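My request is simple: use the sequences and hints to build the entire structure.
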Amino acid sequence: MFEKDTIAAIATGLTDSGIGIIRISGPGAVEVGDGLFRLPGGRYFLKDAASHVMQYGFAVDKNRNMEIEEDSATNGYDIIDEVMAVVMRGPRSFTGEDTVEIQCHGGVYVMQRILETALKCGARLAEPGEFTKRAFLNGRMDLSQAEAVMDVIQSQNQYALSSSVNQLKGALSEKIKELRGEIIYEIAFIESALDDPEHISLEGYQEKLYGKVEQLLHHIGRLIDTAYDGKLAKEGINTVIVGKPNVGKSSLLNRLIGQERAIVTNVAGTTRDVLTESIRLGDIHLNIVDTAGIRSTEDYVEKIGVDKAKKYADEADLILYVVDASADLDENDREIADFIKNKKRIVLLNKSDLEVRVKEEEMISLFAGNEIQHTKNQEEIFQENHCKRDTIQKENFYIIRTSAKEGEGMDVIEQTVKSMFFHGEIKSSSEVFITNMRHKENLQEAYDSLLLVKKSIEDEMPEDFFSIDLMNAYGALGRIIGEEVEDDLVEEIFSKFCMGK
Amino acid sequence: MVKELREKADVCVIGAGHAGCEAALACARLGFETIVFTVSVDSIALMPCNPNIGGTSKGHLVRELDALGGEMGKNIDKTFIQSKMLNLSKGPAVHSLRAQADKADYSREMRKVLENQDRLTIKQAEVCEILWEDINDWDNNIYESSQEENPQEKDCKKESEIGNGSHRGRKKKVTGVKTFTGRIYECRAVILCTGTYLGARCLCGESITYTGPNGLQAAAYLTDSLKKMGIELRRFKTGTPARMDGRSIDYSKMEEQRGDEKVVPFSFSTDPKTVQKEQVSCWLTYTNERTHDIIRNNLDRSPIYAGIIEGTGPRYCPSIEDKVVKFAEKERHQVFLEPEGLHTNEMYVGGMSSSLPEDVQLAMYRTVPGLENCRIVRNAYAIEYDCINARQLKRTLEFKDIEGLFSGGQFNGSSGYEEAACQGLVAGVNAAMLLMGKEPMIIDRSEGYIGVLIDDLVTKDNREPYRMMTSRAEYRLLLRQDNADLRLRKKGYEAGLVSSEEYQALAQKTSLIKGEVERLKNTMMGANREMQEFLEAHGSSSLKTAASLAELLCRPELSYEDLKEIDRERRPLPEAVLEQVEIEIKYEGYILRQKRQVEQYKKMEKKLIPENIDYDKVISLRLEARQNLKLFRPASIGQASRISGVSPADVSVLLVYLEHYGK
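Quick note, the sequences are listed as chains A and B, same order.
If you read the first sequence in this note's numbering, its first letter stands for residue 100, the second for the next number, and so on.
If you read the second sequence in this note's numbering, its first letter stands for residue 7, the second for the next number, and so on.
The set of hints was computed from the structure by calculation and includes no laboratory data.
Here the structure is a predicted model, which means the values were calculated and not measured.
There could be a bad hint or two in this list.
[Said to hold, decoys possible] Straight-line alpha carbon distances no greater than 30 Å define the calculated DSSO-like cross-link-like pairs of lysine-lysine that follow:
hint, chain 1, residue 1, chain 2, residue 2
1, B, K601, A, K103
2, B, K520, B, K601
3, B, K612, B, K636
4, B, K118, B, K129
5, A, K554, B, K608
6, B, K184, B, K406
7, B, K527, A, K553
8, A, K554, B, K520
9, B, K609, A, K103
10, B, K279, A, K553
11, B, K609, A, K539
12, B, K332, A, K554
13, B, K612, A, K103
14, B, K336, B, K179
15, A, K553, B, K601
16, A, K311, B, K612
17, A, K410, A, K539
18, B, K612, A, K276
19, B, K234, B, K400
20, B, K332, A, K276
21, B, K636, B, K608
22, A, K442, A, K504
23, A, K274, A, K539
24, A, K276, B, K336
[To be verified] What the simulated footprint calls covered on chain B by chain A, stretch by stretch (three residues with Cβ under 8 Å from a Cβ of chain A suffice, anywhere in the stretch; the number is not a length):
hint, stretch
25, 130-136
26, 475-488
[Stated by the list, open to error] Restraint-style ranges between C-beta atoms, simulated for each label pair:
hint, chain 1, residue 1, chain 2, residue 2, range
27, B, G37, A, I299, 45 to 51 Å
28, A, D295, B, R307, 27 to 33 Å
29, A, D295, B, H349, 29 to 35 Å
Glycine included, every Cβ here is placed at the ideal spot set by N, Cα and C.
Encoded structure:
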């Protein structure tokens with residue numbers, strides 16, 4: 100960590116905002132900056148630029164085979180965005196090192212692409228608190244500030260770990276655990292045979308391992324592909340639709356998709372059995388996990404559907420709880436209410452086109468007793484946002500009457516979500532992307548290590564050479580799920596979280 | 007009136023097993039008057055369990071020990087009766103030498119070495135007490151020596167202070183030892199190598215004897231003295247199988263296991279010609295379902311399963327009871343019959359250690375093919391003993407809180423002769439370094455199995471006797487048994503245990519290796535017809551452009567020997583040199599990858615933590631981390647990161663603190 104390499108990160112929050120800043124710091128900052136920034140004439144610039152002077156130009160990326168604007172001066176490159184760039188030469192910068200900052204339009208996608216390009220150009224993703232730490236180490240801070248840095252490291256690490264682990268509770272982490280389990284089994288087998296050659300034979304083992312490695316490569320390769328497709332890099336509010344069967348979850352989802360302005364993806368996510376829709380409501384992305392999808396594949400056991408929904412609900416930023424307002428509440432509703440009681444949620448009294456049997460008061464009492472008192476005055480917020488009377492906000496949840504069939508109440512949902520978001524009640528997890536960058540790096544490392552194992556087998560190397568690279572692959576996968584503590588701990592330390600300061 | 011006998015020495019070594027011998031030899035060889043105590047002079051370098059030295063990873067240890075100037079390798083070269091290089095079909099990193107020893111011969115030869123070592127005195131006596139005084143960490147103000155007036159009273163006071171964890175800044179210093187007869191030996195360093203003798207008891211079914219191994223006298227009093235010094239002790243257990251009368255064994259029902267035709271010596275100083283001698287065989291047979299039934303039916307009489315044994319036994323060296331219970335699906339287990347020496351017909355029954363009662367043992371052994379009529383000379387037994395959690399030690403094997411007190415061997419929670427010997431040497435050298443006021447000798451994880459062994463012992467929480475294994479060495483591709491001299495000779499020479507002739511020999515070897523590797527890399531071979539024919543003949547693909555000899559050697563199907571045909575400038579080189587050349591070139595890619603890993607590791611290892619660091623001043627450390635760091639006081643950031651309960655974030659916090667501290 101104290102090696103002087105060049106680091107980069109998004110310095111502003113990873114939400115859609117007016118301006119986003121990508122900060123690059125270290126001895127290679129200018130070089131990295133020149134890799135991605137061009138003047139309108141297409142010239143390199145930063146190398147010779149005056150310090151602390153803003154310059155207008157473009158952030159470009161040469162490695163994508165997308166359409167190239169014919170008349171662009173930056174021929175051969177994709178233009179990511181119009182940006183302002185500034186070089187701050189050390190020691191007159193925050194970190195005391197050469198620093199380049201790129202100010203772009205604050206879209207999440209744009210910021211991510213610029214950061215990704217910076218990494219391609221040779222920067223390393225900064226760790227949480229790393230800019231601050233460098234500032235301290237370069238004598239830009241006094242002791243009390245340094246103590247604050249240590250606090251930041253500790254608290255951010257804990258947050259990063261909890262949030263990244265949280266994100267990974269799903270199928271991806273299970274998949275990785277499974278792969279790791281398979282790898283460690285092979286290592287253990289080889290090791291035991293090496294340590295006890297008289298009892299354990301490795302005869303015929305190479306062929307078996309070869310098959311195994313090919314399988315592993317296949318699985319990890321697929322995970323990497325999804326990561327590159329951006330399917331892993333879901334920014335936005337993780338939203339889960341829950342509810343009993345036949346209350347209208349799927350119709351609601353279809354309505355929302357029909358209503359939204361742009362579908363970003365419509366693919367089976369990292370989890371083979373769950374459909375994830377990314378929907379844009381105004382400036383807000385919702386990643387909707389359709390537990391209805393789960394239901395349809397597992398009709399035979401009611402319980403499994405509920406359990407799965409529970410799991411996703413656990414990781415969700417927001418829950419849309421759909422209730423069939425034309426049928427009485429029952430034990431299942433109580434169970435659902437219980438497991439989402441600590442979550443940000445919107446209750447949708449659906450099928451409002453039919454005879455209404457469930458009243459708002461019943462919903463409130465369903466959650467009552469388990470509620471944490473909410474202090475904020477939500478009524479005011481709703482008035483500001485011109486919420487209609489058909490939105491009832493009680494404590495920390497909202498009740499909206501909808502008819503997915505007729506399309507009623509959809510606009511209210513949108514407004515409610517927006518208002519919750521802008522008032523900080525729900526947040527998109529800004530480190531999702533960053534975590535995924537690390538996942539990608541580690542998946543690639545595991546993949547490369549397994550390729551080396553394969554090559555060792557092909558070269559008929561002795562078995563003990565396999566375990567070196569198998570171990571490496573095991574370690575790399577372990578870093579994704581935070582289960583391996585490496586010798587080079589400082590590098591590893593904040594791997595699950597990044598902030599630009 | 008009885009006069010108190012007082013004698014002076016520099017170093018007292020307690021115990022003359024494999025650790026004690028190396029420790030005592032190292033100290034005496036480095037110029038210090040040394041006394042080595044043993045409960046029986048006849049038990050010097052005794053091998054109370056298996057009759058062999060080496061084996062997977064242990065063979066590495068012996069070679070490293072030899073490179074450092076230890077005695078074990080030379081001694082086994084003198085006394086082996088069968089030798090085998092294990093894992094030859096696998097990579098060079100896991101080749102491992104193992105030799106059957108003539109036990110009596112091994113012991114006798116080692117005793118001879120000790121007896122002929124200048125400055126070394128052997129003393130048969132039981133040490134009952136370590137004498138010590140308080141010193142102050144800050145100003146070295148030596149408190150009044152305690153042991154003469156009333157040791158009990160003051161010691162007890164100390165103990166309670168330690169219990170409160172208030173001993174920071176207060177240290178002790180050893181001043182001598184006291185034997186059972188009351189004789190006092192004043193000294194500046196003490197090395198504890200008590201093996202399995204401390205508070206030992208042996209169990210054979212329902213019968214319990216309070217003895218050390220082989221019926222030897224146990225050390226009954228020292229434990230109390232150590233406890234009074236604030237040393238925390240625990241109990242481990244190990245076991246040994248029965249020995250058979252060789253005449254009662256039917257070898258025709260067993261498979262013969264012969265030694266290697268060409269014997270490789272352990273020691274780098276042994277001339278290979280001197281070890282080519284006639285060897286004896288070992289024999290392989292198997293247990294069967296009948297054996298297992300007898301064991302299962304009598305488990306209630308096993309002290310382990312009946313709960314009589316409290317000590318923790320090793321998982322990697324299970325008793326036959328354990329094997330049958332834990333691997334119930336296995337229909338048979340291997341049993342090796344190994345001779346205990348040339349002048350005895352006793353045979354060691356490898357793989358069947360047990361603590362079952364005598365009658366069950368006999369019945370169980372007699373189900374094994376070839377042992378139907380066997381007569382037991384010595385029964386199998388389990389032994390329990392006092393040892394420490396080595397996390398109380400520094401990497402020099404000196405106690406963190408007691409200046410001049412070192413320990414090595416099974417007392418540190420390890421198992422095995424080789425592990426013990428290595429620790430003995432490291433403790434001995436470092437005791438000598440302390441007395442000379444020189445920098446200690448520390449071997450890290452990337453330098454040798456010894457480094458792995460000691461780092462694991464002093465850093466990790468080991469809950470069973472620690473045995474070396476190749477899988478514990480993360481950089482094992484670099485830590486081969488063939489290059490132990492290249493890795494460690496220099497350290498041994500610097501310490502003063504390796505003679506300048508031995509060191510010169512190494513320098514010559516190094517330069518020959520380097521020269522030949524360079525020659526192979528620089529000798530280009532054209533892609534001519536002769537070359538293509540040569541390649542075809544060896545089943546290797548043809549060359550498109552010219553290639554160096556080294557590049558050709560990288561091909562798995564081509565060996566250095568094969569290349570002789572086309573390598574006209576080749577000159578004769580010693581075999582040990584060729585071995586290194588071939589490995590270095592053939593496995594270059596792997597070796598490079600491993601070296602990169604080592605660089606990462608070294609970075610953290612080099613960041614030292616000052617001994618007087620006050621962890622309470624490091625804000626932001628989590629409580630658990632703070633407690634563990636205070637308790638174990640790691641020497642480096644690398645070591646800190648391996649302590650359980652210290653998270654990566656804690657390490658980073660510590661780094662930031664140290665950076666500030668360093669300013």
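Taking the hints in turn, this is what the structure says about them:
no.	hint	verdict
1	K601/B - K103/A	holds, 21 Å
2	K520/B - K601/B	holds, 18 Å
3	K612/B - K636/B	holds, 20 Å
4	K118/B - K129/B	holds, 14 Å
5	K554/A - K608/B	holds, 29 Å
6	K184/B - K406/B	holds, 22 Å
7	K527/B - K553/A	holds, 27 Å
8	K554/A - K520/B	holds, 28 Å
9	K609/B - K103/A	holds, 14 Å
10	K279/B - K553/A	violated, 41 Å
11	K609/B - K539/A	holds, 26 Å
12	K332/B - K554/A	violated, 37 Å
13	K612/B - K103/A	holds, 17 Å
14	K336/B - K179/B	violated, 53 Å
15	K553/A - K601/B	holds, 21 Å
16	K311/A - K612/B	violated, 39 Å
17	K410/A - K539/A	holds, 24 Å
18	K612/B - K276/A	violated, 33 Å
19	K234/B - K400/B	holds, 20 Å
20	K332/B - K276/A	holds, 26 Å
21	K636/B - K608/B	holds, 23 Å
22	K442/A - K504/A	holds, 27 Å
23	K274/A - K539/A	holds, 15 Å
24	K276/A - K336/B	holds, 29 Å
25	130-136	violated (count 0)
26	475-488	holds (count 6)
27	G37/B - I299/A: 45 to 51 Å	holds, 47 Å
28	D295/A - R307/B: 27 to 33 Å	holds, 29 Å
29	D295/A - H349/B: 29 to 35 Å	holds, 31 Å
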